[in-house]
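Engineer: Given chain A, put chain B in place with the hints provided.
So the protein sequences, as listed, match chains A and B.
Following the working numbering, the numbering of the first sequence begins with 1 at its first residue and continues without gaps.
Following the working numbering, the numbering of the second sequence begins with 1 at its first residue and continues without gaps.
It is possible that part of the hints are untrue.
To be verified - Taking beta-carbon pairs under 8 Å as the criterion, some of the chain A residues facing chain B (in silico):
hint : residue
1    : Gly48
2    : Glu392
3    : Leu445
4    : Gly446
5    : Asp449
6    : Val454
7    : Thr468
8    : Gly483
9    : Arg544
10   : Ile548
11   : Met553
Since the hints were made in silico from the structure, they are not lab data.
Don't be surprised by glycine CBs; every beta carbon is placed ideally from N, CA and C.
Each chain is listed here by its residues.
Number of protein chains: 2
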Amino acid sequence: MAKNNEKIKVIPLGGLNEIGKNMTVIEYKDEIIVIDAGLSFPEDELLGIDIVIPDISYLVKNADKVKGIFITHGHEDHIGAMPYLLKKLNVPVYGSALSIELIRVKLKDHRINNAKLNIVGSRDQVKLKHMSVEFIRVNHSIPDAYSIAVHTNQGVIYHTGDFKIDLTPIDGGLMDIHRICQISDEEGILLMMADSTNADKPGSTMSEKSVGAGLETLFKKASDSRIIVATFASNIHRLQQIADVAKMYNRKVAVSGRSMVNILGVAKELGYLETDEHIIDLNDIHKYKDNELVIITTGSQGEPMSALARMANSEHKKVEIKKGDLVIISAHPIPGNEKTVSKVINFLLEKGADVVSSDIADIHVSGHARRDELKLMQAFAKPKFFLPVHGEFKMLKKHAELACEVGVREENIFIISNGDVLEVDRRGARKNGRVPSGRILIDGLGVGDVGNIVLRDRKHLSEDGLMTIVVTLSKEDGRILAGPDIISRGFVYVRESEGLIEGAKDIVQSVFDNCDTRKIREWAYIKNTIKDELKEYLYIKTKRNPMILPILMEV
Amino acid sequence: MAKNNEKIKVIPLGGLNEIGKNMTVIEYKDEIIVIDAGLSFPEDELLGIDIVIPDISYLVKNADKVKGIFITHGHEDHIGAMPYLLKKLNVPVYGSALSIELIRVKLKDHRINNAKLNIVGSRDQVKLKHMSVEFIRVNHSIPDAYSIAVHTNQGVIYHTGDFKIDLTPIDGGLMDIHRICQISDEEGILLMMADSTNADKPGSTMSEKSVGAGLETLFKKASDSRIIVATFASNIHRLQQIADVAKMYNRKVAVSGRSMVNILGVAKELGYLETDEHIIDLNDIHKYKDNELVIITTGSQGEPMSALARMANSEHKKVEIKKGDLVIISAHPIPGNEKTVSKVINFLLEKGADVVSSDIADIHVSGHARRDELKLMQAFAKPKFFLPVHGEFKMLKKHAELACEVGVREENIFIISNGDVLEVDRRGARKNGRVPSGRILIDGLGVGDVGNIVLRDRKHLSEDGLMTIVVTLSKEDGRILAGPDIISRGFVYVRESEGLIEGAKDIVQSVFDNCDTRKIREWAYIKNTIKDELKEYLYIKTKRNPMILPILMEV
Numbered sequence: 001m002a003k004n005n006e007k008i009k010v011i012p013l014g015g016l017n018e019i020g021k022n023m024t025v026i027e028y029k030d031e032i033i034v035i036d037a038g039l040s041f042p043e044d045e046l047l048g049i050d051i052v053i054p055d056i057s058y059l060v061k062n063a064d065k066v067k068g069i070f071i072t073h074g075h076e077d078h079i080g081a082m083p084y085l086l087k088k089l090n091v092p093v094y095g096s097a098l099s100i101e102l103i104r105v106k107l108k109d110h111r112i113n114n115a116k117l118n119i120v121g122s123r124d125q126v127k128l129k130h131m132s133v134e135f136i137r138v139n140h141s142i143p144d145a146y147s148i149a150v151h152t153n154q155g156v157i158y159h160t161g162d163f164k165i166d167l168t169p170i171d172g173g174l175m176d177i178h179r180i181c182q183i184s185d186e187e188g189i190l191l192m193m194a195d196s197t198n199a200d201k202p203g204s205t206m207s208e209k210s211v212g213a214g215l216e217t218l219f220k221k222a223s224d225s226r227i228i229v230a231t232f233a234s235n236i237h238r239l240q241q242i243a244d245v246a247k248m249y250n251r252k253v254a255v256s257g258r259s260m261v262n263i264l265g266v267a268k269e270l271g272y273l274e275t276d277e278h279i280i281d282l283n284d285i286h287k288y289k290d291n292e293l294v295i296i297t298t299g300s301q302g303e304p305m306s307a308l309a310r311m312a313n314s315e316h317k318k319v320e321i322k323k324g325d326l327v328i329i330s331a332h333p334i335p336g337n338e339k340t341v342s343k344v345i346n347f348l349l350e351k352g353a354d355v356v357s358s359d360i361a362d363i364h365v366s367g368h369a370r371r372d373e374l375k376l377m378q379a380f381a382k383p384k385f386f387l388p389v390h391g392e393f394k395m396l397k398k399h400a401e402l403a404c405e406v407g408v409r410e411e412n413i414f415i416i417s418n419g420d421v422l423e424v425d426r427r428g429a430r431k432n433g434r435v436p437s438g439r440i441l442i443d444g445l446g447v448g449d450v451g452n453i454v455l456r457d458r459k460h461l462s463e464d465g466l467m468t469i470v471v472t473l474s475k476e477d478g479r480i481l482a483g484p485d486i487i488s489r490g491f492v493y494v495r496e497s498e499g500l501i502e503g504a505k506d507i508v509q510s511v512f513d514n515c516d517t518r519k520i521r522e523w524a525y526i527k528n529t530i531k532d533e534l535k536e537y538l539y540i541k542t543k544r545n546p547m548i549l550p551i552l553m554e555v
Numbered sequence: 001m002a003k004n005n006e007k008i009k010v011i012p013l014g015g016l017n018e019i020g021k022n023m024t025v026i027e028y029k030d031e032i033i034v035i036d037a038g039l040s041f042p043e044d045e046l047l048g049i050d051i052v053i054p055d056i057s058y059l060v061k062n063a064d065k066v067k068g069i070f071i072t073h074g075h076e077d078h079i080g081a082m083p084y085l086l087k088k089l090n091v092p093v094y095g096s097a098l099s100i101e102l103i104r105v106k107l108k109d110h111r112i113n114n115a116k117l118n119i120v121g122s123r124d125q126v127k128l129k130h131m132s133v134e135f136i137r138v139n140h141s142i143p144d145a146y147s148i149a150v151h152t153n154q155g156v157i158y159h160t161g162d163f164k165i166d167l168t169p170i171d172g173g174l175m176d177i178h179r180i181c182q183i184s185d186e187e188g189i190l191l192m193m194a195d196s197t198n199a200d201k202p203g204s205t206m207s208e209k210s211v212g213a214g215l216e217t218l219f220k221k222a223s224d225s226r227i228i229v230a231t232f233a234s235n236i237h238r239l240q241q242i243a244d245v246a247k248m249y250n251r252k253v254a255v256s257g258r259s260m261v262n263i264l265g266v267a268k269e270l271g272y273l274e275t276d277e278h279i280i281d282l283n284d285i286h287k288y289k290d291n292e293l294v295i296i297t298t299g300s301q302g303e304p305m306s307a308l309a310r311m312a313n314s315e316h317k318k319v320e321i322k323k324g325d326l327v328i329i330s331a332h333p334i335p336g337n338e339k340t341v342s343k344v345i346n347f348l349l350e351k352g353a354d355v356v357s358s359d360i361a362d363i364h365v366s367g368h369a370r371r372d373e374l375k376l377m378q379a380f381a382k383p384k385f386f387l388p389v390h391g392e393f394k395m396l397k398k399h400a401e402l403a404c405e406v407g408v409r410e411e412n413i414f415i416i417s418n419g420d421v422l423e424v425d426r427r428g429a430r431k432n433g434r435v436p437s438g439r440i441l442i443d444g445l446g447v448g449d450v451g452n453i454v455l456r457d458r459k460h461l462s463e464d465g466l467m468t469i470v471v472t473l474s475k476e477d478g479r480i481l482a483g484p485d486i487i488s489r490g491f492v493y494v495r496e497s498e499g500l501i502e503g504a505k506d507i508v509q510s511v512f513d514n515c516d517t518r519k520i521r522e523w524a525y526i527k528n529t530i531k532d533e534l535k536e537y538l539y540i541k542t543k544r545n546p547m548i549l550p551i552l553m554e555v
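The following block holds chain A by itself, in its conformation from the complex:
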């Protein structure tokens, strides 16, 4: 009993066998800490769903143990679930200045104003009874990203967070390799969890700085054009580089897109972005010549409502694409977005713009370590046990194989699933049991109220629409007093199919005509008969299966 209590439990609640909603629980004795609380964006089949967050019922059940949430960095897939988590569990939150500020903005939208937000620096430690949680700087596609080392008397649990090794970082902040090595030497890293996003990609990810050179080449060539650059709002180093190149070529910078404007504000305020008077208001772009302008915009993923998509569709109020404009898409399409990005590019080209995307120029780099960097990380940390995290199964598997290659013993490497409990102590590690886990769907204000039945109905409605049949019956003798009335939506264009609707009414009428009078009062029977007969009729006539909703009323 006491012995079991000495084991550290590591429980991923999100981020395994998926991209997104990263969240990891570490439990030791009577203390629980949570690393990250991210969201993921819904897959296509989750109709109408806004975002997806991890199931946190294990944390709610053990609320008294939870000592804090420790944030690696400020991307949505690491902080997006914070408002939902804090509503249930108002524990202290720790993260870098930028992470905390981005959380603050998010909480404001949710009208949460009692959160206990704490800014920490690199090498800062938050000391608990049995654990001490240390933040260690890494490089990533957002400034101020940390990995996290949890010191215990059993050894250190090290979580890399999302990272890359950028030897020429924009802000001069190298990954703190020294500290990782030091911990490994002095205490030993018992278990490492590491970012698997690019575990199937050979070599090393290029430095963010290489993007600057790529941009400069394009700016140089396009000396007569207005330049529009689409990128991720949160990549502040990218924004810095665009602003720097703009300045070099005497161009003013204007910004379009709500998230881009917001983050620019935060970044300037916190001093993450060095800019000066060459940032102008988007309303003032008409005061400058084309070759005096750069517009930085959202929409690098082709999102239909984004600023770039609106420009491409001539729906942007302030920016009209014209012949000669150079549009630079400084991003890769995230898997699943290839078609929307391609659509936007086609529209931009049709309007006469030149479009340069990252497949033909060096204008984007990933924020995630590739295989050579992952091997370096193994060399720094030298973990005894290894748990690949953050990735689909194929990435986790590749990462496990890589760890094996560089010398981690095969039996010390674990590929597990969200909700699995990995128990680890000085003597060993093993998968032992599960806790509740899964995805909670957020739709509007609803948290988890959209389940499989609602989704199944939405899918049904989306494919074939519906037909509602209303009949009012007499309470006395069950005869029809009004109806059958039929209303359909999303099924057929009614004017073209009057015969079909009339035929459907006849079917319903005949159900009543042919019904044994004793059964008139068995509404379930009548409704099912109407459903069955209409379904067959409509399928024969149209090869479609609308949802059929019979409604009976009695007066």
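Structural biologist: Leaving out everything else, chain B in the frame of chain A:
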């Protein structure tokens, strides 16, 4: 008048600024011919739509002129609209033996048995009054693919169809370069239309034969494994190569997936596929050891209902994936399918299979010419005028630039849209006018009956579901006799939201209570008031906007 009549009209009805539904009209004097009649698969936003075909109203209007449909090859994007076209316009159809057989299968499904199908060979000409239509062999990812030369007294209109230049084709049938050169020399090619699919890809597409070598390498290594190969059913040369390598390694071949079984039957019957007793029934695979088996399957695009996806999800009745299986995906994901393919791969890996896809081994080649081949085609044909076809705008543009590079005069190159009329004769070419064009949506048996209203409703229903409100009123005094009854679907899980439904009932009741008695009879007014008030109520409560359907009845 007579002069205008001498002009040849070239009218693309599909395939421009899009991938798919290829169809080109050529009209000269009182004769019209149609090259191809393809379908495209619906984009995500076309909810519930099965397939999309071109608008053929121009052909229907000019039915007396239409002399025939000339098919380049048997892919769906070239023959998929045939049943719909022939139902309106039963004109003769010409194509290769394979194309015609695939059309015959398709027409059978549609119970069309009076089609005038004609098999033609390479260099065969179909002579009309003013045009003579010649079929010229090209290479593509389906056997027996033709380009089409239309001979007229103004010169030749040459349509490459989909093509690549495969110098080591599987069936020995080289593209008929000689005939193209001969026509160019003797008659001159007035206008060329050419496949733009790979116009943005440098170099040349590899020979289909290279795939055989890639497969052999994998078969050699996996000497203990069962091998499963997923590929496109219509790529019969690919099937031949898989069968050949299987034979080399003493493996029997079984086939899974309806379209794969069908096409294998057609191909064997017509002699396109040389196989012998080493093809076995899928029911007999248990009689063989793993290393004596190859299973060829559909599902290379991750289609959810395909045989491979069913294997990955443990839903396949005859094939269960097990540790050690080698799954070879001999295809590239078509843009938009990346995620579904990735999902299938993850499931296969989780079951312990090894998966090799075309990004890590030479096991797939495209059927479309890349830039070097497109330049060769320009060199063979030496067209005076050039019209890039088959591709999104960005591809058409790249193809136009390529033509310019190799010497076609810029003013002789046309980037036009579906429905545009390109008039051409010996003296010149120009865009002149438009004919009706667009997409016709097929949903079940409905051809074009699903329009924007139905699609908008489906989208609305898919995102937030619906709420139906039924009230029965008295004819005499307008008071409520029954209801309000409320039924919702796809909105919220009702058990969790009884208060919400009760609240909604109260709102509806209060609309009646507060309504001026004179207005009770104005149903449009009442319905709109119910809609508005419920909409606001539900949005405040849920931040969702279900479709609201008020139904009033009178007895």
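Engineer: Give a verdict on every hint.
Structural biologist: Cross-check of the supplied hints:
1. A cut of 8 Å between beta carbons decides the hint on A:Gly48: the least distance to chain B is about 4 Å, and the hint holds.
2. Given hint, A:Glu392 at the interface with chain B, holds; its Cβ is 5 Å from that chain's nearest Cβ, closer than 8 Å.
3. Restraint check, A:Leu445 versus chain B: the minimum CB separation of about 4 Å is within 8 Å; hint holds.
4. Because the beta carbon of A:Gly446 sits about 6 Å from the nearest beta carbon in chain B, less than 8 Å, this interface hint is met.
5. The criterion of a C-beta within 8 Å of any C-beta in chain B is met by A:Asp449, whose closest approach is roughly 5 Å, and the hint holds.
6. Hint status for A:Val454 relative to chain B: holds, with the closest Cβ pair at about 6 Å, below 8 Å.
7. For A:Thr468, the interface hint holds, the least distance from its beta-carbon to any beta-carbon of chain B being 6 Å, beneath 8 Å.
8. Because the beta carbon of A:Gly483 sits about 6 Å from the nearest beta carbon in chain B, less than 8 Å, this interface hint is met.
9. For the restraint placing A:Arg544 at the interface with chain B, the shortest Cβ-Cβ distance is roughly 4 Å, inside the 8 Å limit, so the hint holds.
10. With a cut of 8 Å, the hint placing A:Ile548 at the interface with chain B is violated, because the nearest CB-to-CB distance is about 11 Å.
11. Checking A:Met553 against chain B: minimum C-beta separation of about 4 Å stays under 8 Å; hint holds.
Against the hints set out earlier in the document, a violation occurs for number 10 only.
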